[in-house]
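Asks: For reference, the chains in residue letters:
Number of protein chains: 2
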Amino acid sequence: MTTRSPLAPAAFPALPDIAGVTRRVARARYKEWDRCDLTFVELAPGTTVAGVFTRNVCCSSEVELGREQVKGGKGRALIVNAGNSNAFTGYRGREAVEQIMAQVAGHLGCEPSEVFVCSTGVIGVPLPKDKARAGVEAALTAEPCSWEATAETIGTTDTFPKGSAASAIVGDQTIHVAGIVKGSGMIAPDMATMLGYIFTDAAVAPALLRDMLSEATSGSFNSITVDSDTSTSDTVLLFATGQAGNAVLTTRDDPGADALYAAIRAVALDLAHQVVRDGEGASKFIEVQVTGATSDDSAKRVALAIANSPLVKTAIAGEDANWGRVVMAVGKAGEPADRDRLAIRFGDHWVAKDGLPVDGYDEAPVAAHLKGLEIRVGADLGLGDGRATVWTCDLTHGYISINADYRS
Amino acid sequence: MTTRSPLAPAAFPALPDIAGVTRRVARARYKEWDRCDLTFVELAPGTTVAGVFTRNVCCSSEVELGREQVKGGKGRALIVNAGNSNAFTGYRGREAVEQIMAQVAGHLGCEPSEVFVCSTGVIGVPLPKDKARAGVEAALTAEPCSWEATAETIGTTDTFPKGSAASAIVGDQTIHVAGIVKGSGMIAPDMATMLGYIFTDAAVAPALLRDMLSEATSGSFNSITVDSDTSTSDTVLLFATGQAGNAVLTTRDDPGADALYAAIRAVALDLAHQVVRDGEGASKFIEVQVTGATSDDSAKRVALAIANSPLVKTAIAGEDANWGRVVMAVGKAGEPADRDRLAIRFGDHWVAKDGLPVDGYDEAPVAAHLKGLEIRVGADLGLGDGRATVWTCDLTHGYISINADYRS
Numbered sequence: 005m006t007t008r009s010p011l012a013p014a015a016f017p018a019l020p021d022i023a024g025v026t027r028r029v030a031r032a033r034y035k036e037w038d039r040c041d042l043t044f045v046e047l048a049p050g051t052t053v054a055g056v057f058t059r060n061v062c063c064s065s066e067v068e069l070g071r072e073q074v075k076g077g078k079g080r081a082l083i084v085n086a087g088n089s090n091a092f093t094g095y096r097g098r099e100a101v102e103q104i105m106a107q108v109a110g111h112l113g114c115e116p117s118e119v120f121v122c123s124t125g126v127i128g129v130p131l132p133k134d135k136a137r138a139g140v141e142a143a144l145t146a147e148p149c150s151w152e153a154t155a156e157t158i159g160t161t162d163t164f165p166k167g168s169a170a171s172a173i174v175g176d177q178t179i180h181v182a183g184i185v186k187g188s189g190m191i192a193p194d195m196a197t198m199l200g201y202i203f204t205d206a207a208v209a210p211a212l213l214r215d216m217l218s219e220a221t222s223g224s225f226n227s228i229t230v231d232s233d234t235s236t237s238d239t240v241l242l243f244a245t246g247q248a249g250n251a252v253l254t255t256r257d258d259p260g261a262d263a264l265y266a267a268i269r270a271v272a273l274d275l276a277h278q279v280v281r282d283g284e285g286a287s288k289f290i291e292v293q294v295t296g297a298t299s300d301d302s303a304k305r306v307a308l309a310i311a312n313s314p315l316v317k318t319a320i321a322g323e324d325a326n327w328g329r330v331v332m333a334v335g336k337a338g339e340p341a342d343r344d345r346l347a348i349r350f351g352d353h354w355v356a357k358d359g360l361p362v363d364g365y366d367e368a369p370v371a372a373h374l375k376g377l378e379i380r381v382g383a384d385l386g387l388g389d390g391r392a393t394v395w396t397c398d399l400t401h402g403y404i405s406i407n408a409d410y411r412s
Numbered sequence: 005m006t007t008r009s010p011l012a013p014a015a016f017p018a019l020p021d022i023a024g025v026t027r028r029v030a031r032a033r034y035k036e037w038d039r040c041d042l043t044f045v046e047l048a049p050g051t052t053v054a055g056v057f058t059r060n061v062c063c064s065s066e067v068e069l070g071r072e073q074v075k076g077g078k079g080r081a082l083i084v085n086a087g088n089s090n091a092f093t094g095y096r097g098r099e100a101v102e103q104i105m106a107q108v109a110g111h112l113g114c115e116p117s118e119v120f121v122c123s124t125g126v127i128g129v130p131l132p133k134d135k136a137r138a139g140v141e142a143a144l145t146a147e148p149c150s151w152e153a154t155a156e157t158i159g160t161t162d163t164f165p166k167g168s169a170a171s172a173i174v175g176d177q178t179i180h181v182a183g184i185v186k187g188s189g190m191i192a193p194d195m196a197t198m199l200g201y202i203f204t205d206a207a208v209a210p211a212l213l214r215d216m217l218s219e220a221t222s223g224s225f226n227s228i229t230v231d232s233d234t235s236t237s238d239t240v241l242l243f244a245t246g247q248a249g250n251a252v253l254t255t256r257d258d259p260g261a262d263a264l265y266a267a268i269r270a271v272a273l274d275l276a277h278q279v280v281r282d283g284e285g286a287s288k289f290i291e292v293q294v295t296g297a298t299s300d301d302s303a304k305r306v307a308l309a310i311a312n313s314p315l316v317k318t319a320i321a322g323e324d325a326n327w328g329r330v331v332m333a334v335g336k337a338g339e340p341a342d343r344d345r346l347a348i349r350f351g352d353h354w355v356a357k358d359g360l361p362v363d364g365y366d367e368a369p370v371a372a373h374l375k376g377l378e379i380r381v382g383a384d385l386g387l388g389d390g391r392a393t394v395w396t397c398d399l400t401h402g403y404i405s406i407n408a409d410y411r412s
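Which chain is which? The protein sequence lines are A and B, in order.
With my numbering, the residue at position 364 of the first sequence is 368, and numbering never jumps.
With my numbering, the residue at position 325 of the second sequence is 329, and numbering never jumps.
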């Protein structure tokens, strides 16, 4: 991994073991590198699964297959290939995925449809079947490894491994939630070259798991953007092994269901923030909060217009309180807005209200806020109760260096 | 002006005088600079006018007023302020515009509503009335100046002045069309911090003029993007002085109307291309052509998704034939597309067809194309007859330098 992002947490967090989840990694050598790049997570029989996937129409075979597989609600294994996304590789790419599914299913004695495969990396090069076969073979029999090693193995351009954990009381049981994620570019709703995996030992029916993942994703992975680009491979999977021994949760009204959801949501949000903190070239973590919109959906579209604006992102990179660019971004969103009711703030400092710079505007505290690593931008539209928060990073020379020098 | 864009034309073109159009410039000193920054164009009595304006909801008073004024169809004067956009300045900004309108109308003996005012520059600082009054006063009595001096005076971050001309035979008359434009950032449909002015000596009824401008804009100024950001001030105005003496054109079926439209369209397209050639930090001029879409509108949305993708733009900056990023951009557009029918080309070289890299793909001619200054990207969706072409530039370190160092 290259130089650690200045926005990274101090260290990889302590993640609990999740009963029924065993992680192994191996070297498939999908690229010319000497690192583990193939991850195998074995899941206990009875594990339920839910997934959300990229809305990119040109999605990979992995995504096409995964979308079908989650309908079954059962998962026994996860395979993640790093270094080759296998996207836009037609039937050859699909054959490689099906080969992996069959190979792992044969080993575990399960259905191929219970083996989830994800791939991340260059588009347009069919995943080499021989490397995949040998890599899977090695992974199936490797020693179990740590969460951190697993998080490192699924990464590509990431500068630090990303993990998060939470717990909740369900019935008499303490249940655990642990998650890992990779992704640092091509991050935008909905999903991005982002692969995220959350595991819990709770027992949860597939329909409720889907409901929880969908809601948790909306305010986390689908509320972040790095460069407005959306990958062909993005996937978030949520697995529940049921090993905690709680009575199976089937609805949000079941005792403990809300606590479990809160834990899942906390992990999803933390992981999503870490993705932004590793945005390509990022030097600032930016929270954009829009209030006073005509609806929450409208607020989110305005917030994303601000978060995706190259001019806003470069101004923040330059520590410039250029609120005019925020006004511009609000206005271009195509959502209801009234210039003469609009208010803009950086941090807690309002710089413009009612369509005018505030009287006696003092730039000093605003400039001080912008020198920090954590920037907050607020826009109040003054129209209604709609609100939304999204997160992004600034746009720097680092982004250009990473992406103009990247070779396909 | 800073270092001339490597994509600029060799020189400012020879533009004909347009009977009934007199240009003057002066120093209002809206910024701390010693250059002309206020333009006054006097138009002969009887001049008709049409305009298109930014769709940014947070538009400037100039845009609000201009949108109303064009309904009258008559124009006697144009004032352009450079260095201060006067946007998001509430009633104070509006008062400054109304002051200018009254001042010029008093001088010419016309209605204030026939005086069009545009401003470009920093957002959120009310246009200083004293500087505006003195600047207008100086401009009203200045010596007439060249097209090139006028094009330079309306510019802000532009690295070269932009002009274009064409002519047409209407009836027995040779009519002339000349245009100037400014703009190098915040350029995206619809409009951008782009101010464009096209003048003709033809006699054209306002309704037909509106029709021609609307159609010409769609395929030119509204088919370019630099950074996907859309300014609060963008305006294109088309003035017809009627001094050529042709019978007034009132419909597209009138003899000569098509010839005039072709000339206006040619000027608009040339000016739009020049705006892209001066895109902030641009090192490549990029044409994106989408064919085989389900409709022309769908094709345009896909083309803009490609043209606005930071990952596509950085890949081209890096001369990298990363067609996977083009696939990604097609897929994220939210338009009908079928991964397995999609074909991608750079220049005339197809690199992928039917969802797979082409057999025997030879990167050499593609790499050679990408080393040039003029890049063509094509995507055929294989679904229908919809097609569209848009133009953009690459995303480079220059863009970051210009926009992260810009001070509000």
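No lab work stands behind these hints: they were computed from the structure.
Accuracy of the hints is not assured; some may be wrong.
A pair holds if it fits inside one copy or across any two, identical chains being indistinguishable in the list.
Okay, derived cross-link-like pairs now, DSBU-like style, lysine-lysine, Cα gap no bigger than 35 Å in a straight line [stated by the list, open to error]:
no., residue 1, residue 2
1, LYS375, LYS75
2, LYS357, LYS35
3, LYS357, LYS375
4, LYS375, LYS78
5, LYS35, LYS375
Note that the structure is a prediction, hence the values are computed from the model and not measured.
Asks: Decide, hint by hint, whether the structure agrees.
Replies: The hints, checked one at a time:
1. LYS375 / LYS75: Classified as neither; 48 Å inside a copy, 47 Å across copies.
2. LYS357 / LYS35: Between copies only: 25 Å across, 53 Å inside.
3. LYS357 / LYS375: So LYS357 and LYS375 pass the 35 Å test inside one copy only (23 Å; across, 48 Å).
4. LYS375 / LYS78: Answer is neither; intra-copy 48 Å and inter-copy 50 Å both fail.
5. LYS35 / LYS375: Answer is between; shortest inter-copy Cα gap is 26 Å, intra-copy 39 Å.
In summary, the numbered hints that this structure violates are 1 and 4.
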